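Participant: Based on the sequences and whatever the hints tell you, model everything.
Protein chains: 2
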Amino acid sequence: MALGASASLFLTLALPKVAAGAGQPAAAATSPVYGVRLPKGYRDWKLISVAQENGKNNDIRAILGNDIAVKAFRSGKRPFPDGTVIVRLAWRYQSSPRNDAVFPAPQSFVAGAPTNVQVSVKDSKRYVASGGWGYGQFENGHANQDEQLTRSCFACHTNLAQSADFVFTDYSR
Amino acid sequence: MALGASASLFLTLALPKVAAGAGQPAAAATSPVYGVRLPKGYRDWKLISVAQENGKNNDIRAILGNDIAVKAFRSGKRPFPDGTVIVRLAWRYQSSPRNDAVFPAPQSFVAGAPTNVQVSVKDSKRYVASGGWGYGQFENGHANQDEQLTRSCFACHTNLAQSADFVFTDYSR
Numbered sequence: 001m002a003l004g005a006s007a008s009l010f011l012t013l014a015l016p017k018v019a020a021g022a023g024q025p026a027a028a029a030t031s032p033v034y035g036v037r038l039p040k041g042y043r044d045w046k047l048i049s050v051a052q053e054n055g056k057n058n059d060i061r062a063i064l065g066n067d068i069a070v071k072a073f074r075s076g077k078r079p080f081p082d083g084t085v086i087v088r089l090a091w092r093y094q095s096s097p098r099n100d101a102v103f104p105a106p107q108s109f110v111a112g113a114p115t116n117v118q119v120s121v122k123d124s125k126r127y128v129a130s131g132g133w134g135y136g137q138f139e140n141g142h143a144n145q146d147e148q149l150t151r152s153c154f155a156c157h158t159n160l161a162q163s164a165d166f167v168f169t170d171y172s173r
Numbered sequence: 001m002a003l004g005a006s007a008s009l010f011l012t013l014a015l016p017k018v019a020a021g022a023g024q025p026a027a028a029a030t031s032p033v034y035g036v037r038l039p040k041g042y043r044d045w046k047l048i049s050v051a052q053e054n055g056k057n058n059d060i061r062a063i064l065g066n067d068i069a070v071k072a073f074r075s076g077k078r079p080f081p082d083g084t085v086i087v088r089l090a091w092r093y094q095s096s097p098r099n100d101a102v103f104p105a106p107q108s109f110v111a112g113a114p115t116n117v118q119v120s121v122k123d124s125k126r127y128v129a130s131g132g133w134g135y136g137q138f139e140n141g142h143a144n145q146d147e148q149l150t151r152s153c154f155a156c157h158t159n160l161a162q163s164a165d166f167v168f169t170d171y172s173r
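Chains A and B are the protein sequences, given in the same order. Going by UniProt numbering, the letters in the first sequence line up with residues 1 to 173, in that order. Going by UniProt numbering, the letters in the second sequence line up with residues 1 to 173, in that order.
Calculated from the structure, these hints are not laboratory results. Any given hint might turn out to be false.
As the list claims (entries may be wrong) - Quick partial rundown of chain A residues pointing at chain B, CB under 7 angstroms, derived from the structure:
1. Ser-49
2. Ile-60
3. Val-102
4. Phe-109
5. Ala-111
6. Phe-154
7. Thr-158
As the list claims (entries may be wrong) - Far from chain A, by Cβ distances over 12 angstroms, these chain B residues were calculated:
8. Val-33
9. Arg-37
10. Pro-39
Fair warning: this is a prediction, and the values are worked out from it, not measured in the lab. Idealized CB from N, CA, C, for every residue including glycine.
Facilitator: In structure tokens:
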């Protein structure tokens with residue numbers, strides 16, 4: 001009987017995981033702390049700039065913005081208006097043997113598999129405790145539920161100048 | 001009299017240069033060989049992928065496409081349909097001391113000053129001699145008039161597999 005109860009409990013707890021597929025917990029749509037969602041259609045948004053990170057990240061990235069963001073970036077308006085959404089996509093930074101075979105020397109690095117997508121949402125009232133910004137990190141379209149990771153966004157951005165409104169990226173013409 | 005004619009000829013030849021400002025030749029709108037123009041509004045186009053080149057280029061780049069291009073990239077359609085336009089923007093690849101001061105370690109590279117913009121236009125009839133592609137390189141919005149440079153586009157792209165339709169970039173999701 002004790003074994004039966006235990007097995008039943010196991011099944012009850014395990015079911016939601018099985019329902020989400022591949023033994024993963026049910027996918028979350030919003031980030032912890034801030035409740036930020038991956039915006040619909042962000043992959044169609046306009047390009048703000050590109051960057052590359054070595055070290056643990058080892059990625060190459062693109063920063064896209066919604067229309068409010070792009071307008072503010074292009075005009076230099078700071079702080080960013082409420083409704084600004086900035087999306088940072090990143091992919092594995094990897095050498096391209098195919099390109100290097102064509103180019104005069106080994107020199108070509110391209111975007112590999114996607115790593116994660118980070119989203120910054122400006123809402124000066126809702127996110128007053130974090131400089132007006134809410135943050136979220138997404139993998140495979142799902143919000144990372146690590147609260148410490150999510151809090152680390154602002155912990156890093158807050159070290160930037162307030163004149164940049166805590167945003168790393170400058171617009172590239 | 002001979003001197004006068006010579007001076008007059010000089011003025012006649014020099015005038016267009018002066019009119020273009022700063023002693024530069026009048027800016028060209030179209031590339032040599034192919035007659036490719038910088039497409040209007042390309043900076044608003046959707047992102048295909050990003051890349052980074054070391055060596056002489058030393059740049060970080062973004063590849064954008066018009067709607068025909070994006071549709072073909074996303075669906076994997078090859079060869080690209082006529083009307084496909086791919087624009088490669090590039091900027092100086094440079095370390096960011098500002099970001100490195102905030103990050104846990106020196107690791108951040110960003111886009112500096114723009115270098116040039118390269119445009120590929122698919123027109124299988126007009127550009128039959130170059131695999132269906134016409135090319136142009138633009139600096140500050142002006143078409144580079146170096147014919148050898150412009151011919152080098154296809155000389156390099158033609159080394160790629162025909163199954164890729166002579167295009168370097170893969171779409172990044």
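Participant: None of the hints should be skipped; say for each whether it holds.
Facilitator: Results of checking the hints against the structure:
| no. | hint | in the structure |
| --- | --- | --- |
| 1 | Ser-49 | holds, 5 angstroms |
| 2 | Ile-60 | holds, 5 angstroms |
| 3 | Val-102 | holds, 4 angstroms |
| 4 | Phe-109 | holds, 4 angstroms |
| 5 | Ala-111 | holds, 4 angstroms |
| 6 | Phe-154 | violated, 12 angstroms |
| 7 | Thr-158 | violated, 9 angstroms |
| 8 | Val-33 | holds, 20 angstroms |
| 9 | Arg-37 | holds, 19 angstroms |
| 10 | Pro-39 | holds, 15 angstroms |
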